[in-house]
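All chains, please: the whole structure from these sequences, using the hints.
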Amino acid sequence: MSDWQPRIIAFLCNWCSYAGADLAGVSRIQYPPTLRVVRLPCSGRVDPLLILRALREGYDGVLVSGCHPGDCHYLSGNYVARRKFAVIKAVVEHLGFEPGRVQFSWVSAGEGEKFANVVAKVTEDIRKLGPARRMAAAEQVK
Amino acid sequence: MASLAEKLRDCARGLLAEGKADVVIGHAAGTLPMRSAPCFVRSAGEVEGLIFDHTCGANLAKYLVKDKPRGKKGEAAKPEKVALIAKGCDGRAAVQLVVEGQIARENVIIIGVPCRGVIDPHRLGEAVGGREVLSCRPEGESLFVGGDGFKEKVELREVLSECCLSCRHPVPPVHDVLVEEAVEAPGGADEFAAVEKLAAGSPDERWAFFEREFFKCIRCYACRNACPMCFCGECFIDQNDPQWFGKSTDPGDTMLFHAVRVMHTAGRCVDCGACVRACPVGVDIRALAKRAEKEVRERFGCEAGVSLEEAPALAAFDEDDPQEFIL
Amino acid sequence: MAVRKLSKKKLKKLLEELARDRVVYGPVSSDGQVSFAEASGGELALEKAISDRPPKNVFFPQAEVLLTYSGGETKDETYTGRPAAVFGARPCDARAFAVIDRVFLGEPPEDPCWRARRRDSLVLALACNRPASTCFCHWMGGGPFGEEGVDVLLTDLGSEFLLKACTPAGERALGASKVLQEAGEDDLAASEQLKGQAEARLSGSLDVAEAKRALEALWDEGLWEDFSSRCLGCAACAYLCPTCHCFDVQDEGSASRGRRLRIWDACMFGLFTKEASGHNPRTATRERLRQRVMHKFSYFPDKFKAVACVGCGRCVRACPSNVDLREVLRRAVQEAVKR
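Protein chains in written order, with numbering that gives the first Met the number 0: chain A, 0 to 141; chain B, 0 to 326; chain C, 0 to 338.
Hints should not be assumed to be uniformly reliable.
What the hints assert, rightly or not - Covered, in the sense of this in silico footprint (three residues per stretch, anywhere, with C-beta under 8 Å from a C-beta of chain B), are these stretches of chain C:
1. 22 to 33
2. 42 to 51
3. 128 to 141
4. 168 to 178
5. 231 to 241
6. 319 to 330
I should point out that these hints are in silico values taken from the structure, not numbers from a laboratory.
All values reported here derive from a predicted model rather than from experimental measurement.
Cβ coordinates follow ideal geometry from the N, Cα and C atoms, glycine included.
If you want it as structure tokens, here you go:
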């Protein structure tokens, strides 16, 4: 089990978090290679459908990251997203997905190191939870 | 002293006669015991059929948006003026639809009626052990229920919809007419008790609960179709490019269909319970929705349909919204 | 045809006998809902006048895998298991199997999935001593002791069941059983009496041929608007109907592996008639409700010489908006008479 690498899908906003991830790369900061990145224009574009579809597909974890409040390239996208994130987290956890499977962060374009730390933390949290098992159990047609 | 039904009919008659409403949407007696049918009254002569009692479970606000043509240019027809006989939750749904731009405020007349709870046919069935109910006579806080070879007394609270037991709005907070003053709602129960009970358990326990509950689902979409807040021209579940979730009864797909519907109605749902009553197989559809409602209420202080001035919770924001969960 | 008796205490033994060569299905109660599932004995829910969900899922599951593919190989997943025994269906449900047989088995090509599950199946229907108030099987040419589609008809005599073979397959099943006793004249008489009492409980009458003509004449009339105005366009009626059999075929998976499924569909859904061009001839519930009723009482009879409704009443009970098929038919007949 120790060589199992979590598969985490990451929805990153183009202007801040994606750039921050890129900065981590060019700065040669080491972080776990567990993310599959999906670039979006804004964290406000993140639809609950994307997150739940990712869980349906069996991703072990989902990370959603955007600009810090006040710094959104589209001014208010991340403010609206912030409200949605709270509800998504509440519903997903109430349904019975383990807390920590879906996580959110604000990472700016200049925060390469923070991005690496976020990935490391999220990867470690998911590693402790183990591979995604909710959808595997549900894989049958009656 | 005129009965509630008589006052209702007078009101409807007046609105139609004065041309203030083109149609009055209300409830009429159904063809089965303890069931009513939504009805559309367009002339003073048809008003006699209107009733209001514990059987009026449909959320009539649905009919403000049902079958509405969408996305067509040049809609020349003048929109109808609709008068809605609204219990508290129906009225809040109508207000929410106005706030969301689905109907113009001047085209809907909210006739508030004080609701004392509506019966959930599944709970009624359970209360009599699955036997067919042929007669039902309310008396105070009880119901005298009869069927083939039996006659029993059940407590109203045993058979009312769960949402009615914690109702805080027996009349619509926003209304044009109030047919009668509100009496005490049958509420009193803690509306989030079930949510808290599940939340106190483990994720595995919650998953097992929802898996079991949604295993019953036959994907008929009666819940979605009964809901006034579900008016999208194309529902996400019907999209096939991309197809988000399968349309079979696969438990994973089914659970996530309901989870997404909860998220799409978060902050908009008025907890009328029409979805639960519409479900032909008795799924507890509210169990997950109440969690979203709790979050919206506690985190953002928002409640659907109580004010025409309030923007929908998830379409608005405050710069100081809490974000303790964000890294 | 043979007639036998079975003490209710021995029901489990009969089911065990059947289970030797077949998969036995029966009405099972779960959370207050009775539906048909694999059942081996004691837990059968036979008290309700009618099960909440029909047994059509036995031969026509709500989701059925047709094929799977993986790594370039395709595997046919058509059912190859043992034949079914459906115990405790009601005569209306058995009649419904015969209705669907006309579509799926009547003319070539046969439906291979229905055929695979229907082959050699045995239907042991339980006659209705006390029909529900929503039962209208007698309007559709059936009855509480009807035998169409039934291999063995059981009558509940109190502490015993009477079993009457209605087909050669039923005859063979009764002959092969070691737990049945001989039935006497009294038992037959008791069953006849129960039949008479049951038939007397059914209310109302309707000439379904007259209804057909009436519905056809009222194509453009207001009754469709009146009933459909409250119809929600969900599939509660169609999914609980024992004769509805529309389906969709869906592919799920990726380029490398996946499956093809057949899943229930319903003409009541808005998307049922959406065409590739984007045009949809039935966008409003008015057109869809009319279509469903016309299909059952006009188009299907024209094509298959049978009404596609068995009067079980489940749609009447399930409809959240109280769109009552009995009312639609009665009103159609009344209005046609007036003209």
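Here is how each hint holds up against the structure:
1. Interface restraint, the stretch 22 to 33 of chain C with chain B: holds (6 residues with C-beta to C-beta distance below 8 Å; minimum three).
2. Only residues whose C-beta sits within less than 8 Å of a C-beta in chain B count toward coverage, and the stretch 42 to 51 of chain C has 4 of them, enough to reach three; the restraint holds.
3. With 4 residues carrying a beta carbon less than 8 Å from a beta carbon of chain B, the stretch 128 to 141 of chain C meets the three-residue requirement, and the given coverage holds.
4. Only when three residues or more bring their CB closer than 8 Å to a CB of chain B does the claim for the stretch 168 to 178 of chain C stand; here the count is 0, and the claim is violated.
5. Given a C-beta distance limit of less than 8 Å, the hint that chain B covers the stretch 231 to 241 of chain C holds, as 8 residues qualify and 3 suffice.
6. For the stretch 319 to 330 of chain C, the assignment as covered by chain B holds, since 7 residues bring a beta-carbon within under 8 Å of that chain's beta-carbons and 3 suffice.
In this structure, the one hint that does not hold is number 4.
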